[in-house]
Structure formats: structure tokens, C-alpha cells
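**Student:** Protein chains in written order, with our numbering: chain A, 1 to 623; chain B, 1 to 623.
Derived from the structure by calculation, the hints contain no laboratory data.
Honestly, I wouldn't trust all of these hints.
[Claimed, not checked] Per label pair, the in silico range of CB-to-CB distance:
hint, chain 1, residue 1, chain 2, residue 2, range
1, B, G266, A, T593, 33 to 43 Å
2, A, H222, B, Q185, 51 to 61 Å
3, A, R195, B, P115, 36 to 46 Å
4, A, G190, B, Y275, 53 to 63 Å
A virtual CB, placed ideally from N, CA and C, is assigned to each residue, including glycine.
Here is how the chains run, residue by residue.
2 protein chains.
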Amino acid sequence: MFNEVYDVIVVGGGHAGSEAAAAAANMGSKTLLITMNLQNIAQMSCNPAMGGIAKGQIVREIDALGGYSGIVSDTSAIQFKMLNKSKGPAMWSPRVQSDRMRFAEDWRLMLEGTPNLDFYQEMVSGLIVENHKVVGVKTSLGIEVRAKSVVLTNGTFLNGLIHIGDKNFGGGRAGERAATGITEQLVNLGFESGRMKTGTPPRVDGRSLDFSKMVEQPGDEHPEKFSYLDTTQPLKEQRSCHMTHTSELVHDLLREGFDRSPMFNGRIQSVGPRYCPSIEDKINRFADKNSHQLFVEPEGWKTCEYYINGFSTSLPEDVQFKALRSVVGFENVKFFRPGYAIEYDYFPPTQLKHTLETKLVEGLYFAGQINGTTGYEEAASQGLMAGINASLKVQEKDAFTLQRDEAYIGVLIDDLITKGTEEPYRMFTSRAEYRTLLRQDNADFRLTPKGYDLGLASEKRLKRMEEKQSKSDAFVQFFRETSVTPDEANPILESKKSAPVKQQDKMFKLYARPNITIDDVRQFESVEQYIQANNLDTEVIEQTEIQVKYAGYIEKEKNNADKLNRLENLKIPAGFDYSKLKSMSIEARQKLTKIQPVTISQASRISGVNPNDISVLLVYLGR
Amino acid sequence: MFNEVYDVIVVGGGHAGSEAAAAAANMGSKTLLITMNLQNIAQMSCNPAMGGIAKGQIVREIDALGGYSGIVSDTSAIQFKMLNKSKGPAMWSPRVQSDRMRFAEDWRLMLEGTPNLDFYQEMVSGLIVENHKVVGVKTSLGIEVRAKSVVLTNGTFLNGLIHIGDKNFGGGRAGERAATGITEQLVNLGFESGRMKTGTPPRVDGRSLDFSKMVEQPGDEHPEKFSYLDTTQPLKEQRSCHMTHTSELVHDLLREGFDRSPMFNGRIQSVGPRYCPSIEDKINRFADKNSHQLFVEPEGWKTCEYYINGFSTSLPEDVQFKALRSVVGFENVKFFRPGYAIEYDYFPPTQLKHTLETKLVEGLYFAGQINGTTGYEEAASQGLMAGINASLKVQEKDAFTLQRDEAYIGVLIDDLITKGTEEPYRMFTSRAEYRTLLRQDNADFRLTPKGYDLGLASEKRLKRMEEKQSKSDAFVQFFRETSVTPDEANPILESKKSAPVKQQDKMFKLYARPNITIDDVRQFESVEQYIQANNLDTEVIEQTEIQVKYAGYIEKEKNNADKLNRLENLKIPAGFDYSKLKSMSIEARQKLTKIQPVTISQASRISGVNPNDISVLLVYLGR
Ligand SMILES: Cc1cc2nc3c(=O)[nH]c(=O)nc-3n(C[C@H](O)[C@H](O)[C@H](O)COP(=O)(O)OP(=O)(O)OC[C@H]3O[C@@H](n4cnc5c(N)ncnc54)[C@H](O)[C@@H]3O)c2cc1C
Ligand SMILES: Cc1cc2nc3c(=O)[nH]c(=O)nc-3n(C[C@H](O)[C@H](O)[C@H](O)COP(=O)(O)OP(=O)(O)OC[C@H]3O[C@@H](n4cnc5c(N)ncnc54)[C@H](O)[C@@H]3O)c2cc1C
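Extracted from the complex, chain A is given alone in its bound form (with noise of 0.2 Å):
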């Protein structure tokens, strides 16, 4: 049925998915997407929300790129906030929340709106390898489709079971089947496989809750947004979350149901993720808390169904229900499904190079959560990467990787690969050495270019970019070459209670002061002149605040990042034998056999080998 062989075949239509088929078309290989549901594309499996802490910073770098998620974020977000305003911006974290149908729908019509892109609704069974590289997929039809390369994105659904209480069944998502056949095969082709699990709450009508006794959470004031691009337009209406809380009385009438429990009677071994934990979870874990906070999300504009954010739990139903039933709103709530746990397969990531191709199967990538990660934002990001590796590598270029200096998505993928992970991976602002160089505000600086060099992202994107580049840097030059003298700088200092200046002293002296903001130096005529006749932005406004304010952090983590750098250029052989480093200890030779790290700095990451055994390298290459 299909006479055409694809440059790139993506399986799955879920974030990391869409990601990848939409970057391989765009960048012009002929790309098919094969879903087992056509009608779900980017559904969102559990929290109707996009971005967040570190995360948000994820969606800004896919925007970057060229990517989608930041734009479809944007036309499907009922609400915005950027959360840490009130830390330093590199933990800014831009959050919306959405509207989950629209959302894929949007998605949906983005992709049938790039070129170069086809659409196949059927379960992907199996992949036809030879000669360890991938030539196509099969399909539960038994078609069979031909390929250069093949990304795999199955998520949770790869032999998904699902568990409440003490029943379980096949599924990959609520009301979906799961998939199977591709498991097996990968292991038979040598590769090793894991089982993870994950959970949701139960979903509510938002008719039942009484939201007088919750407390409002309303969205920004000024609400931003994600895209770069001026497609997309801040929200101006927004929906309110309300947040409410669990106390002794209901976590007494949970424990109730803890003999039943998946997680605590061994029926589920897996391990789920440690930062989403189930409401179970958390008064096991911190038995010492009375109450949990809890957020009350809308799933859209219009629909009344509401998702309970810190009740994940895959308690008997009847538990849920009634522990749900003793917090304070929800004494008359109504469930239109209650939450519940699923274990799925995923392939420790170790298994993969920083492109994301596999090392066992040439042609074959992995993304998503089949890396054992959880998140969309980690999902899309990985997505992407996979697809625009996979086309350079059908196009015969360079690979295309990221250094974890320049960007979150570089940390996520060289953690996975380098360290793999024993539990679902989320992306924290914690784990980037050089966080303060990885703001959601610089993210276009960072990457667009790179996304522009790659084909993907438009030269609008970039020329936005160097317009906002080029305007905050000139604006940071006024500042460093315009002085004020103490009668026009002081009685501003005065009024923000800053010690007054003696002499004359340079604005962005002054400016860099850490509770003098843009609208004190506003009151300097010169400043508001040089706004108005440069016609200067929020954007660019906001960009210069930050070179001006934390220029001294951003030099030094460069300069760090530099000194990394240096290592990260010391390049291994591939296929190093490190059976004969004899120094060297067993377990470093074992994991470094196994990782196969490309440079001395990510072989200095891989736990278990310690600095003892880099020096042992270095002296073998001869440095």
C-alpha cells in the first residue's frame, strides 16, 4: 500500500512524535507519521497544563528551534503564569495552563499543514531490520513500510497496564489499548528493556465543587507566552485554577484502602516518578504532614471537566472517592473517571547515542517517554531531536547535538545517555551546571540560529532574533557609556532607599543596583528618550535588565562552561578498548565499555567513574 520509501518514519503521534515528524518534514524529508489514533495526536495523557519549572524553559528552546509545542501552547493556553518571577530569571519559568482539546487539535492542524508530512492511523507491531539498520515497520495489517530511518515514540503504551486498586488491564492511556509486539522484538534484537509506571487523578465535574471554599489562583496580570514568533498572541481573557487541600481525615480514609493498593501490596514493582508522586506516595513518604495542597484545573475554556493536581493515586475507586469527598469543596464531587496507575516498557537510554539514534540499530531513534523520561516538555524536546538527527542523517549531514551549556534539552539527552536512569526522568532547573546561561528569556539567542542554520527554523525567527539581539545590546551600551551626575541619579536612589552616589558614575552602574528597576532608570530623561526613539519592546526592555543585572553571574558561568568545553573537545576513539586500561578500575572499564562516551567530559559524567580514572585516560591519550 505504500510504494514509497520515507526518509523518516515517526511511530506515535504523542508529543516526542509530533515533535519529529513535524521537524523531519520541515526539514525537508519525506516523513511519515503513523498513530494508532489519528484523532489523539499530542493528547495530553494526564495534567492539562504545558511548561513549568525548568520545563517552561524547554518549550522556550523547542520554540527556538523551529519547533511547535511553543506555538501550539500558545493558541490552546487558558491561562499563563511565569512562575519564580519574583527569583533571578534564570528561574523563570514560563507555565500555562490548557485547553486539552484544543490543544490537539491545533497540534493536529499543524502538522497537516506541513509540507513533506503523511499521516498513517494503525498500531506500528514490529520494524524491519537488516543488517542491524532499520529499513521500515510493520504493521498489525501486516503492512509493511519502508524507510531510511525510523523514530520511535511510543510512550506509555508499549504492553501498557493499567491498575486501580486491585484490578488492572491492558491500556495504554484511559479508554486507549496498548501496544505490543515492539517490545519483544527490540529485545530479541539485543536491547535491554524496563518497566516503569506512572499515575493520574481522577478527572471531576467541575459542576460538583463548591470553589467559594477554595482559595482562586488566577493567571498573570500580564500574561506572556511561549512563541518567539508574533504569530501568536498573549491571552486576554484567562480561566482561573482554585486550590484547596488534603488533611488528617482524609488521609486517614485513604490509608483505609493501602492493603489495596498496587503500590504497597507488590502488584506494581515498577518505579514511578519520584517528583510526581501519588497521593499515597506522599503521606507514606512524609507521614509527619497533615495536608497536601491540591490544584483545581479546568480542562479547557468551556467543558466543566476539572483535573484534581496532587491527587494522582491508583487506590480503589471507591477510596478515592470517598477520601476525594472529605476535602474541603468536594463534598459533593462527582468523578467522570478516577485516577489510576500504568506500567509500561521503555528502554534504559544508555542505549543511545547523543543523537538519539540507537547504538544496536543503525537508523532506529528513540524519544519520549520510551527513554524513560516523563513530561511532555521532555518528551517534544527529545522528539525533536530525534527527528532532526534522523533527517540529517537520511541527508548524509553532521549530527546535530546540544551541550549542556547551551541548552536544557543538551542536559536532558546527555543525562540520559550518559547516566540513564533508574526512575522516570524530570527535568529540573538543578540538574544544568550553568542554569543562569539557560533562561527562558535567552532561549532564541541560544538556539535560533542553530535551528535557522538547520533549516528549521524560518528566517522571520531569526531576523526577530537579531533584531531583539542587536537592540538590547545597543541598549545595554547606552547604559554602560551614559553617566548621570549624583543631583539627577540621587533623589531616585533616595526613593528606593539605595545609598546616593558622591560622583558621577556611569547608569549601568547604578541600574545594576539589585532593587533599582527599569522604572526607576526610566525617571533619567536620557533613558526614556533613547526607549521612545528606538521604539524599544517589553522583550527587549526585559532582556536588557537582565544583561545589566546579572552580567557578573552570566561571565562567570561562560567562562566556567569554556573550561568544560575544552574537556568536551577531548575526543575518544570510538570503540575504545578500555579492557586494557589495567589502572583502571573494573567498574569504570565496564560502564565505559558500556556508555561509549565521545568525549572525556561525558566519560567524567557516567556514575561510577571517578576523576582517578579520567587522569588514567588522559595519560593513555597521551595528554
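For this one, chain A is given, so just place chain B with the ligands on it according to the hints.
**Tutor:** Only chain B with the ligands this time, still in chain A's reference frame:
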């Protein structure tokens, strides 16, 4: 988990279930809709269209009674056509192309906005029956929900088996799983079940089609709409369909797969819809026809997915593909998914009363495809009637049924429960004896007063109908009373080549002439003045025209219907023992015992019961 005893539980959120749930809830019953996936409410399993010949009339009837299908069809329409406009008004049939996603979403939001209606997502695996009375349902998780009545609307999901070529697998619809457990239990309870099949064509990528080679099929120039309410508006913009056709070559290519066709090699035994035949069926049955029309229908406003109306098939996917590629305009077609056939369980509807309650289990209602029908409209209207009657029964009120001269819905249900059906039942105008009475323009006159009395149609709806009625009655009266002279009339008559009059005559008589239209009579000053003075809209004017032009036919059919209704009033005592009527044919006695008709009239419609048998019965009953 469910403490409360519901008045009505509706199982299945397809077209039947959605109407049933809305009706019951709007009539004040505490209602619960349980369905396998709340994201697929009122999913269009097959073509993205509502209405059509006889079906359009049903949608208008549903709307007139206060159901939702008409409103949703309007809000989600992308094209409107009044079919058969060149024929008499009994044949006029409204039809829309729908935006599939919008249709489902609008339905869901309408239901969410309905008070008294709760939602729950899960599979119902069985009923709770006590003393031949249904008292609730059991779900696959083992949850029990209690209710005073249950409406089953499982559609094509009961033990659904999907066929493509020589492959088959369980499923209720592409990408969705089948439902199990219910059939087995009902059979144990004494129900008879059967197997039917239906099919669907491939969905294709519009970007791969060459529309310039096809014939454009635009919507009506002046689109109308379904709902009698003014809350929906006629379309201002529309999307076109396109027409193309098969050829001998296409047929030959299809024939190559016949030996692998589940229809022809005996793998599918069950009967499919005679009037929606698969393409292989058409080729087989009409071997002399060397071309069949295909309609290429967009699936929504923005999507590039297209539905190939007329190409329903369960041939192997490679055969489908090869053949479709030979259709003009499809030379480069790409598939989103192949066509398939599905077999499913149904319950011969002779096991039901006119209320759609089962005869065997009190409080249990069946509606939709489970009764052996096909089509969204047939399903929706049954759902509405089942929802109404379940509600009335719980409220201990009289049942609500419609006679054959009152509504297509009456014809549909009477046919089903009296005659049963050996193949998927589809409505046609020819099934209605009194189709001149059952027009799309007067469903409100026929049914809105009834809907209002039920508490289903709003007062606003009733008022609109009453105004339309009084205005059109008065306008008809005006034509009856107003005379025109030959001098006034003849120029107009001559211009239409209609015989001149010799003396003054009532306008009614002239207007009643076949080729004289409203535009002609508007040339009489008094008519135009009347229209302006009374502010008559198109709907009233059209209604008047029908009343004037078809007065004779309408009168005649009314008389016939009245005669029948007298028979209809001859009731047969419940539980009547036919075995004692030895002079009646054995077949008639068996059929009558099985169907247990309520009236002599219904008895006379049972196949196998002949006039002789009716005479015997009449004599016995002392008539
Ligand atoms: C119950 C549940 C709870 C979760 N809770 C959280 C949470 O609390 N926090 C969090 O951060 N993340 C959570 N997640 C994870 C989050 O949903 C995923 O990380 C994210 O969706 C992964 O994206 P993906 O693209 O890798 O896979 P998915 O979004 O799972 O998409 C996979 C896609 O591939 C398709 N597919 C799979 N196999 C095949 C095949 N063989 N052939 C064709 N198509 C196939 C599927 O139909 C699906 O469209 C949860 C997920 C689930 C299911
Ligand atoms: C492949 C295919 C082709 C078709 N072709 C045509 C055609 O050519 N012409 C035509 O007129 N009609 C056609 N139809 C029929 C048309 O789709 C149906 O007549 C119509 O959808 C029936 O409506 P329904 O409400 O009875 O059932 P459905 O629309 O099938 O809805 C049933 C609903 O019930 C739910 N459900 C089922 N069992 C359970 C359970 N145990 N627990 C909870 N929920 C449950 C399902 O999830 C679904 O939401 C076709 C249908 C299919 C599937």
C-alpha cells in the same frame, strides 16, 4: 463510589445515548451517562454528515421535540443542502456536511450544560437485574451503580469485530476497543441476539487529491438549517464536496481482491446495510454498471482529511489502495486509514415495546444500532424516545409514543418492533404511508406541542412554532378570501404560460396552480402589502405556499390516516392468548404471540399476519 440511585442510566455516549441522556435529564430525571471514552461523545463513526433523504426529516423531528441533534448539526455544519428541492415538499430533505471534531465537541458541551446529567467514563460490563427488573449496571472495574431504569445504546461495540481483507481483530470502531459481557448476560436472561455488519470507506489526505479533475459540489446558495430555534444561524461560508467516479479499470482492480474479501469468502456471515453497500457489493450486484459515483467529503473546516462516500469496503488494504489510485483525481492518493467492515451484536427489536422498553426486563430500554438500525439519525431519534420513556416511567407518567402519521420516528419504531429487521434498518420516505404529512417543514407543528407537554421543548420553542403557525394560517386564509380580477391576474398568468382566467376568482386557486410561485403572486399589490404589514419571513411564506399548493394531498392523507387511527384505537388486551384462535393460521398465531401487538392496526402490520387472520381476531374481540 456512586451512593445515589439514578433515575436513568444511559450506557454509551453515541448518537442514541447522547439524545437519551439529554432528554431524560431535561425532563428532570437524575441521569448518568456512562461511556467508554468521554472524549468521543457523539462520534461520527462513518461519514461526516447529518440528515439526507428521510433522515433530514428525522433530525427536524428530534429538534421539534427538544432534542439536541438539530442544534449540533447546525453549529458544526460546513455545508448545507436541501435535497430533492425540485420535487414535492414531502421529499425535501435537509442535509449538512459536518466538521467531525466540532460535532463531537459541541455535543459534549451541550451535554455538560444540561442540569441533572452526570458523566462517567468506563465500560459497562453487565446489568443488575432483580425480579425481571433492571436496577443498575456493573462496570468493568466492578463498580455497581444503581438506577430505576437503564437505556442501552452500545452501537457497534458489542463484541465488535473489525475486518480488513483476511485480517480481523476486536474493536468497536477504528482505534477503539469492543465492549464485552453485555450480550452474554442478556442472552442468559432470555434475549435473542443476532449479528450484523456495516462498513466504512478509506479516509484520505486531501493534499494528495487533484480536485481540478473532479466536479465541485457546492452547498446551497441560500443555506437553511435544522433547528427551529433562532439560537443557530444558517451558514455564511461553506466548504464544497467534489464528485468523481469509478471505472471498469477500478472495478477490475477491486475484483482482484474478491477472493480475499471477508464478504465473499464467507468470513463475514452477517447481513450488511442494503442501502449503504460496499463498493465490492455494488460491483458484484450491478455487474453491468461500469461506473459508480464517489463523493469526496471534507471532514471539517480546516482538516485535510477526506471521506470517500461510495467507496465503503473491507477488501485488503492493498487492493483498496491500488483501485482508488485508478480513480480520476486520486492518482496520487495517500491513505489516512483503509476502509473496513465491522460485525457486531444486535438484538432483534421485536423484543421491545413501542416505548423501546424491553418486554423481558422492566425498566430496560434499547436504542440505536443495538436495535438493528443504521445511521446517526435513526439512532438519535430512538435515543430521544427511550430517554423520554425511561424518564416518564420513573416519574410514573403515561408512556409517550408517536403514531405512523405523526412522525418518521413513529414509523421507525413501529416498523422495528412490529416487523423486526433482518438487515440494518435505514429510514426511507417510502417507509412512511403518510409522507405528505411528515414533512421537514412542519415537524414543529407536529411535535413541538408534544415536546412542550413533556417538559422537553422550551416555551420559547413553542411560542416560535405558534407564531409561525398562526401567521401562515392567516396568510393562507388571506389567499382564500382575496379575489383578483382577470385584468390583474392575466398578465402574470400569461407570463408563466398558465391559462388566463375569464372572471374574478380567489387568489388561492391561482396560487395553487403548479407553476405559479410566491414571486408571481407577490406581483399582486395586496399580497406584497400583506407580507410587509405582517412582517412575514421566508419560513412563514414557504409554509403558506406548501399549505396552498398541497392542500388537496394533505387533506387526503389526513383522512386516510384518520381511518387507520380508528383501527389503531382498537386495543388488544395485554397478554392476549392467541393459541385459542384455532381458525387463525399457525404462523400468525406464533407471530402475534411473539410480538404481542397493542392494537389491531399494529397486528395487521406484522409480516405473516394476513387480513384473514385480522378478521378472526376482530370477530373474537367482538367487533
Ligand atoms: C496515566 C499517565 C499519567 C501521567 N502522569 C504524568 C505526570 O504526573 N507528570 C508528567 O510529567 N508526566 C506524566 N505522564 C507522562 C506524559 O503523559 C508523557 O511523558 C508524555 O505524554 C510522553 O509523550 P510521548 O510522546 O513520549 O508519548 P505519549 O504521549 O504516550 O504518546 C505516544 C503515542 O504513540 C502512539 N503509539 C504508541 N505505540 C504505538 C504503536 N505501536 N503504533 C502506533 N502508534 C503508537 C500512541 O497512540 C500515542 O499517540 C503521564 C502519562 C500517563 C499515561
Ligand atoms: C465502520 C462503521 C461504518 C458505518 N457505516 C454507516 C453507513 O454507511 N451508513 C449509516 O447510516 N451508518 C453507518 N454506520 C452506523 C452509524 O455509525 C451508527 O448507526 C450510529 O453511530 C449508531 O449510533 P449509536 O448511538 O447507536 O451507537 P454508536 O455511535 O456506535 O455509539 C455507541 C457508544 O456507546 C459506547 N459504548 C458501547 N458499549 C459500551 C459499554 N459497554 N460501556 C460503555 N460505553 C459503551 C461507545 O463507546 C460509543 O460511544 C457505521 C458505523 C461504523 C462503526
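**Student:** For each hint, tell me whether it holds in the structure or not.
**Tutor:** Outcome of the hint check:
1. G266/B with T593/A: 33 to 43 Å: violated (59 Å)
2. H222/A with Q185/B: 51 to 61 Å: Because 59 Å falls inside the window, the suggested range holds.
3. R195/A with P115/B: 36 to 46 Å: holds (45 Å)
4. G190/A with Y275/B: 53 to 63 Å: Given a distance of about 55 Å, which is inside 53 to 63 Å, the answer is holds.
Consistency note: the structure conflicts with earlier hint 1 alone.
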